[in-house]
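Just need the whole structure built from these sequences, with the hints factored in.
Letter 13 of the sequence shown, counting from 1, is numbered 108 in our numbering, and no numbers are missing.
In short, the hints are calculated from the structure, not lab data.
The structure presented is a predicted model; accordingly, all values stated were derived computationally and were not measured.
There is no bait here: all hints are sound.
Below, a list of computed lysine-lysine pairs in the DSSO-like style, where the Cα atoms sit at most 27 Å apart:
hint	residue 1	residue 2
1	K193	K249
2	K416	K141
3	K244	K193
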Amino acid sequence: MRKVKKSAFLLLVLLGCTVFSGCQAKSDATEDSGEKGSAMGEKAVKVKSEDVTFESKRGTKIYSTVVTPAEMTDESYPVVLFSHGFVGSRDGDGAFPKIAEKLAEENILSIMIDFAGNNESEEPYTNYTIKNMSEDMDTALDYMKENYKIDQDKIGLMGHSMGARMTALKLNDQIKAAAIWAPAAAPGLEGIYDFMGGKESVEKYYQEAQENDLAVFDFYGEENAIDLSLDFFEGVKESNPVETINNYQGNLFIAVAEKDPAIRKETTDQAIKAATNVEELSVCTIKNADHGFKNIENGEDTSVQGYTIDRTADFLIQKLK
96 MRKVKKSAFL
106 LLVLLGCTVF
116 SGCQAKSDAT
126 EDSGEKGSAM
136 GEKAVKVKSE
146 DVTFESKRGT
156 KIYSTVVTPA
166 EMTDESYPVV
176 LFSHGFVGSR
186 DGDGAFPKIA
196 EKLAEENILS
206 IMIDFAGNNE
216 SEEPYTNYTI
226 KNMSEDMDTA
236 LDYMKENYKI
246 DQDKIGLMGH
256 SMGARMTALK
266 LNDQIKAAAI
276 WAPAAAPGLE
286 GIYDFMGGKE
296 SVEKYYQEAQ
306 ENDLAVFDFY
316 GEENAIDLSL
326 DFFEGVKESN
336 PVETINNYQG
346 NLFIAVAEKD
356 PAIRKETTDQ
366 AIKAATNVEE
376 LSVCTIKNAD
386 HGFKNIENGE
396 DTSVQGYTID
406 RTADFLIQKL
416 K
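Below, the structure written as structure tokens:
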């Protein structure tokens with residue numbers, strides 16, 4: 096079975112964040128120019144990053160990284176679970192550890208995990224399914240609750256692309272705040288059309304999986320081919336993140352890209368329009384950058400991703416502290 100070790104899809108300058116409090120109309124929203132600094136200021140709090148493994152519900156290893164303040168007290172801590180995208184790794188294309196460090200500076204714990212078949216995972220990519228990802232997210236939060244003193248009223252989620260789809264699917268009244276970047280959040284199989292070649296391509300792979308129990312997904316070339324199980328397609332088909340977003344009453348941050356080569360604006364618009372019952376919605380529209388929130392014209396320019404990281408961390412800190 097094929098298995099991916101590193102992302103083959105490293106696919107936003109920030110115009111600003113539009114904040115919608117409660118269910119107020121968009122015309123009443125306030126514009127954030129993006130000029131104000133980080134909510135954290137210039138703190139010099141030491142943080143600790145530790146790679147850990149624990150057992151999944153199916154008896155396999157979940158490789159993860161936990162980020163905390165270097166010095167812990169007896170207080171209860173908020174926690175954020177990070178979920179990476181399709182054919183990715185727990186570092187979220189380098190962005191997740193940076194957000195986690197900023198959270199730790201404000202006494203918020205983080206855990207980042209590799210989904211089945213990705214990065215350090217020892218499982219085949221055929222184990223990359225909605226069910227397994229959902230269970231692994233639950234297991235990761237259980238690990239944090241068992242090993243740290245977690246404030247049960249201050250749990251947050253952060254996800255990118257397919258990880259954002261998974262984050263959206265996990266939104267409920269126990270999640271105080273969530274951040275989703277470039278969410279592949281359209282209902283059913285439509286949610287994977289954007290990065291899997293469109294409707295006809297997905298239907299072809301789905302049919303292949305129905306006939307062979309798996310499909311060899313080689314849209315990005317044979318060197319990047321992976322085996323996708325029938326369970327993957329069935330799980331995506333049965334899931335509806337738009338519905339869970341619509342039911343969510345917590346705080347939601349959505350980062351989207353005007354020129355995202357992997358996720359269309361029509362897809363992210365569905366997530367934004369569905370968030371009608373949230374306590375607060377912050378939407379950051381981003382241009383001149385790629386799917387990984389890096390400058391699409393200059394890969395050496397770190398300011399785009401850095402600014403998006405700061406705004407995401409600011410939001411989660413504000414809502415979870």
